[in-house]
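Trainee: For the protein sequence lines, the chains are C and V, in the order given.
Whatever position you read off the first sequence (first residue = 1), add 1305 for this note's numbering.
Whatever position you read off the second sequence (first residue = 1), add 1305 for this note's numbering.
Keep in mind the hints are simulated off the structure, nothing from the lab.
Careful: at least some of the hints might be erroneous.
The list treats identical chains as one, so a pair stands whether inside a single copy or across any two.
Only pairs whose alpha carbons sit at most 30 Å apart, straight line, appear in this in silico BS3-like list of lysine-lysine [what the hints assert, rightly or not]: (1) K1566 - K1475; (2) K1621 - K1598; (3) K1475 - K1407; (4) K1407 - K1625; (5) K1625 - K1598; (6) K1566 - K1435; (7) K1435 - K1475; (8) K1435 - K1621; (9) K1407 - K1598; (10) K1566 - K1598; (11) K1475 - K1625; (12) K1566 - K1625.
Protein chains: 2
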Amino acid sequence: MTLSRSRRWFLLLLGGLLAATLLATAAAMAAGAGAPARTADPLPSWNPGAARDGIVRFVRQTTDPASPRFVPPAERIATFDQDGTLWVEQPVYPQVRFILEKVPGAVTTRQELERLAATALSGMPLDTFKADVRQWLATARHPRWQRPYTELTYQPMQELLGYLRANAYKTYMVTGGGQDFVRVYAEEVYGIPPEQVIGSAGATRYGYDSSGRPFLTKEPRLLLNDNDAGKPEGIQLMIGRRPIAAFGNSTGDRQMLEYTKAGDGARLAMLVLHDDARREYAYGPALGLPDTKVGPFTQGLHDEAGRQGWIVISMKNDWKRIFAFER
Amino acid sequence: MTLSRSRRWFLLLLGGLLAATLLATAAAMAAGAGAPARTADPLPSWNPGAARDGIVRFVRQTTDPASPRFVPPAERIATFDQDGTLWVEQPVYPQVRFILEKVPGAVTTRQELERLAATALSGMPLDTFKADVRQWLATARHPRWQRPYTELTYQPMQELLGYLRANAYKTYMVTGGGQDFVRVYAEEVYGIPPEQVIGSAGATRYGYDSSGRPFLTKEPRLLLNDNDAGKPEGIQLMIGRRPIAAFGNSTGDRQMLEYTKAGDGARLAMLVLHDDARREYAYGPALGLPDTKVGPFTQGLHDEAGRQGWIVISMKNDWKRIFAFER
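Extracted from the complex, chain C is given alone in its bound form (with noise of 0.2 Å):
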């Protein structure tokens, strides 16, 4: 019942991103006066301008082996963060909500939250949350655009990853969000198998069954916070090497892209600023934006971005679409 929802529901996202591939590809061609379909632009959603302009060239300088900035495949590494860089973080992280069905009641922040929650969820098989996981995707809706979370996910950030994956990078997440939730549907709706999804993580025992057969439970003991300094922490955990590109959206990014800068070579740090109510949110005090809890882009974080040559993405002026869904 629970897969066969959420089959239809991946079918259904499914049919969603190859209309609107093609309809992109359509689009591409009435205004790239045919050009045929391998040299197409990698990045139809992007505007022209400093940010698309960084992207490709920093693609270009570490994937022709000529270039004195040539990286080897092997450590194309590219890090995004999720919430608010790769999708809708307003009003509430889609997480938040979820976890908020499951541990009702009066809670603060996000932390206190994830330990509320990490505490109700110990002890369940670890499939069981996955199955719990799916079935609200396939049914919560953003108060907003009444859609699937799945669905709010950035159109030029997916082109990014696509652009990057077709030069030979690693794409990994790196997000405060838990692991074991974003790992569900990330191949999915990303194209990043659950190897390459980096979140806050917690412990899991292993047991067995009455039959004998072996299983994980969930357990409250925090292995991992992936915010902050937790993001190069991370990274350190699961990948092993330095990222050469990284991308998010608020001061839970800045290790992330500190660390990333701070290798030789060529580097690509980038920061997504929310800056268009219109299409979708306007938040970040650095532009004297409305201050939300939610990934917050503060003053410190923007002047740090100049002085470290990261690079600013205006939703606004940056992106000619925001969502697939878009016409």
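Starting from the structure of chain C, add chain V where the hints point.
Mentor: Chain V only, in chain C's frame:
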């Protein structure tokens, strides 16, 4: 200095491997009546028998799209223990020798030793630790063969790693050894990149040096004890999906093999039995061989292998040669 030494060592190793490959190819061509290279035996160091047949049958079943047991490439995950499975673990684990040079004194169990080492290494920059390991590997010699430990890998297992990868398998190391230690050489020695090395893992701490440059230091806090039940738990933490093939040699690998075999569809679980005192070592109470603290192959493990359909590899009978340097 350290770097140039490790490079020299790497070039030597590379030269050795190339020479070994050429010799193996020449031998295979002489034996194989001039079969073209691309149909050459992928497992030339394996004798015909149940172990070799089990491997080849499994790979054919899982990679032939017409097979009812076909597995999509994304799910082709194979996990390997290291000590006693991929390289020599007698008379003491190589890493224990490394640690003993850092933490001299009387210590008993491996776990206690690793705790002491974690404390001793606490606060050390990760890059310093890695350089130390490189340096040690370049100079340390095995007491019996007087060769670097990295030459004491099992040639049949190297061929197995390559055979699986040639069939789109992702090969992972899942070792009780230290993750940071093994990652230093796993890519050069086994073709296993750092992100596919899972080991006993300590935390790191993100910080800044006096010039503001970020770096990671080692912390005494153990995140994962990657032995016994810690192996499937570590696999869940780092990969997030169940392997379909697993290889070990001792009770510390039991749960990893159980977990692997308990999934649906084609599964392969194998145990290396050290029964060749002449060419390597013979130990393991299951076959009346001496019991050692290192890599116990107990009667219980042997019985479980029989019940669960795990294939036992006899080093003496199944392996034509053990090391690449043998002639």
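Trainee: Going through the earlier hints one by one, which of them does the structure break, listed in rising order?
Mentor: Failing hints, ascending: 3, 4 and 8.
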